[in-house]
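Colleague: Based on these hints, arrange chain B on the given structure of chain A.
Protein chains: 2
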Amino acid sequence: MELVNLYKDIDNFVDKEIELNGWIRNHRKQKEFGFIDFSDGTSFKHIQVVYDNKINDFDEIATLHNGSSIHVKGILIKSEGNKQDYEMKANFIKLLGDCPEDYPLQPKKHSREFLREIAYLRPRTNLFQAVFRIRSVAAHAIHTYFQDRDYVYLHAPLITASDCEGAGEMFQVTTLDIDNLKGKPDYKEDFFGKKTTLTVSGQLQGEIFAMAFNKIYTFGPTFRAENSNTKTHASEFWMIEPEIAFCDLDNLMEIEEDMLKYVVKYVLDKAKDEIEFLDKFVEVGLKEKLEILVDSNFTKIKFDEAINLLIDSNEKFEYTPIHGEDIAKEHEKWLTNHFNGPVFLTDWPKEIKAFYMKQNDDSKTVRAVDLLVPGAGELMGGSQREEDYDKLITRMDELNMDSKDMEWYLNLRKYGGCIHSGFGMGFERLLIYLTGVENIRDVIPFPRTPKTCEF
Amino acid sequence: MELVNLYKDIDNFVDKEIELNGWIRNHRKQKEFGFIDFSDGTSFKHIQVVYDNKINDFDEIATLHNGSSIHVKGILIKSEGNKQDYEMKANFIKLLGDCPEDYPLQPKKHSREFLREIAYLRPRTNLFQAVFRIRSVAAHAIHTYFQDRDYVYLHAPLITASDCEGAGEMFQVTTLDIDNLKGKPDYKEDFFGKKTTLTVSGQLQGEIFAMAFNKIYTFGPTFRAENSNTKTHASEFWMIEPEIAFCDLDNLMEIEEDMLKYVVKYVLDKAKDEIEFLDKFVEVGLKEKLEILVDSNFTKIKFDEAINLLIDSNEKFEYTPIHGEDIAKEHEKWLTNHFNGPVFLTDWPKEIKAFYMKQNDDSKTVRAVDLLVPGAGELMGGSQREEDYDKLITRMDELNMDSKDMEWYLNLRKYGGCIHSGFGMGFERLLIYLTGVENIRDVIPFPRTPKTCEF
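Heads up: the protein sequence lines correspond to chains A and B, in order.
Following our numbering, the numbering of the first sequence begins with 274 at its first residue and continues without gaps.
Following our numbering, the numbering of the second sequence begins with 274 at its first residue and continues without gaps.
Just so you know, these hints were derived from the structure itself, not from any lab.
Computed from a predicted structure; not experimentally measured.
One or more of the hints may lead you astray.
Unchecked claim - Lysine-lysine pairs mimicking DSS-like chemistry, simulated, CA-CA at most 30 Å apart:
id : chain 1 : residue 1 : chain 2 : residue 2
1  : B       : K304      : A       : K687
2  : B       : K281      : A       : K724
3  : A       : K457      : B       : K468
4  : A       : K534      : B       : K281
5  : A       : K468      : B       : K504
6  : A       : K467      : B       : K724
Stated by the list, open to error - Covered, in the sense of this in silico footprint (three residues per stretch, anywhere, with C-beta under 8 Å from a C-beta of chain A), are these stretches of chain B:
id : region
7  : 285-297
8  : 485-494
9  : 630-642
Even for Gly, the Cβ is constructed at its ideal location relative to N, Cα and C.
Extracted from the complex, chain A is given alone in its bound form (with noise of 0.2 Å):
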């Protein structure tokens, strides 16, 4: 059977027979008796396996390495130790596949840094169990959520040959033979006929879709040539982008705050196991920052007025808080300090935003939207779209965008358009918020960063 299973009801199943196949995470051994720390993978909890000098064997089974596979038959009993409240009397050890005595992973603590070498054996430790198991759970609650309110999952194409948000620098994607060019590349040759790149977002095509099915929601990967090394930047990453129709900024900034509440509350709920670990190895308080997101009342302010805030503040910033221009990390973490909960920054400049947020009466500002969350910063950016075909034209000729390429998305307002509205999440910032772990390589099970592309 699978510990899971057997955790879901472990009761029942004091005093039977049960039997086992998993790995050796430790294994100690004294003159009459072992004890192997046990685990299959299905469950966060391990369980201990007692076997004394009775059992067939016992001497092979005593020099079984950790690390290595192994089948267990014995009874579960109540345990008399204080250390765990269960565990299995062996009366049956069989090895499966053994593990060498140099095996990377030992039972000590291992610097994150090093982990991220042997990425591959990584997910057998207790850390990377608990955060790619709630990589997982948490995977399953955004589909569940949206699902259960009967959005529409798009999956947004990947490979794409407009760069339409410029978001950022991105990967070229090409079957020509670079290796032996002759001269210039000749895209019509090109697998598309034409040159092409990897999706920085699947936000337009979600507006198709909105406008179809009204309420829709993509989860996808995307991707980011920038050449950065920081601990929130990588190449490749996956994103939910949820647009919906007939929506503005305000039902949009309730269904950002109901889905978050929702995920956390679900993640808190499914990996309880995970969390208490995270708690208290990770991020002490861990579980009370999330349960007390689950509670909190969402602020709503406009951009001048934060920055009106930052300024009175008398804080001495690093960067002084101006108006009509980005704020820093540390002006976020003021504003989430000061109203001590999360924050809809709204109505954004839109020099700084992008060119399909609908424009306000002021001619300044955005119906954009940040949420800012105690501890993350930004974690999911939104806003109303421009649904004014002529307003949209004019600002993409001011910002010399060719409307050409982008005709099918300017046709979206001609062709029975309405108000609607999106946001995207970065999912690995969820999960860094989620688990505590700070550096995104740790949530991402094969992170590929700048020169960095293993297994």
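Modeller: Chain B only, in chain A's frame:
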């Protein structure tokens, strides 16, 4: 409110006032009445909105174009006509977004080829409302199946530095300025410091995770740069690749069968209207085909025995079935006909299967399995994996594979390896089966195929 919620509890709303936002799919006007075929995209079901000349702005409303977005207020009534059970008697209609008369989507039958050209509008048609909502529902069915059974969802990396499986031609990913290359490209200068491509499979990373979490699945995009323009090939498509530790080929087949039946049943339950529509207009008998699958027995037969059956059948095949060689679509069809249901074809000649598959003692065959389904052909391909380090490396040597690049993969056999198995299912292949739509371009929102990369 939303149509989806209205229809969940429609009898409760009879004779009550409701408000809707959505689109005019068709508009018939008479002298004193108007009839709007109204859809808000949240439900496959539309509703008929009726208004008469007592409504404010009757003359203006009567001019509203197909495709326009409107806000409607009115009373829900039980309809006396026999075409629909309910309709809405409008007392207020407001135009939100106009749509010109030359709107490409007219209320008539458009060819699928034409609709592909306007892929940004086709989700508004009944056919694609059905197909893409089923795509969304089926995706969630797959997630729910695995999550309910404690599988961990793995996001396998998309950009990769190794062509492990050799499953096909690959797209190169680069940030080198190939428009201005001087001589050979220097991959040390490329973004990742080496040559990188888009993945063709997440299986090998799936094995890493199975050795840590026991039961895992991937569900993400994969890529093939094959220059083939067929109804079943796309350059970018989504794959599901479960991988399970302590699982042999027989267990694997049980999982495949159980999962497929679950997903089909889920779609039959949750997309009733869509399936009814497709059954009527796309594939007559679709619904029955799916219902039969859910209740059918899956046959298991060895490849060699299947070849014998094919040879003994005296059927005039275009390609003669030969021991040790691959079979053709006509053979697959004959087999599912013969067994009157899905067929697991096991123990394939090793020469035509991948290097990582578990070698049988006959040294000729491997523990591979293809699932053949009536009306779909091969729907899943899987195998038990070779867990023996020496056998695996010998096989790689035979195939002139560079085992140095794959050290981590080989090490999975050294560090507590165990019997394990997995399979892959192309999501679009499933969708073609579920919808009866024949061309893969019509089950992908924005398909990428040779020379085509639009939207």
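Colleague: Of all the hints numbered above, which does this structure not satisfy? Sort the numbers upward.
Modeller: 2, 9
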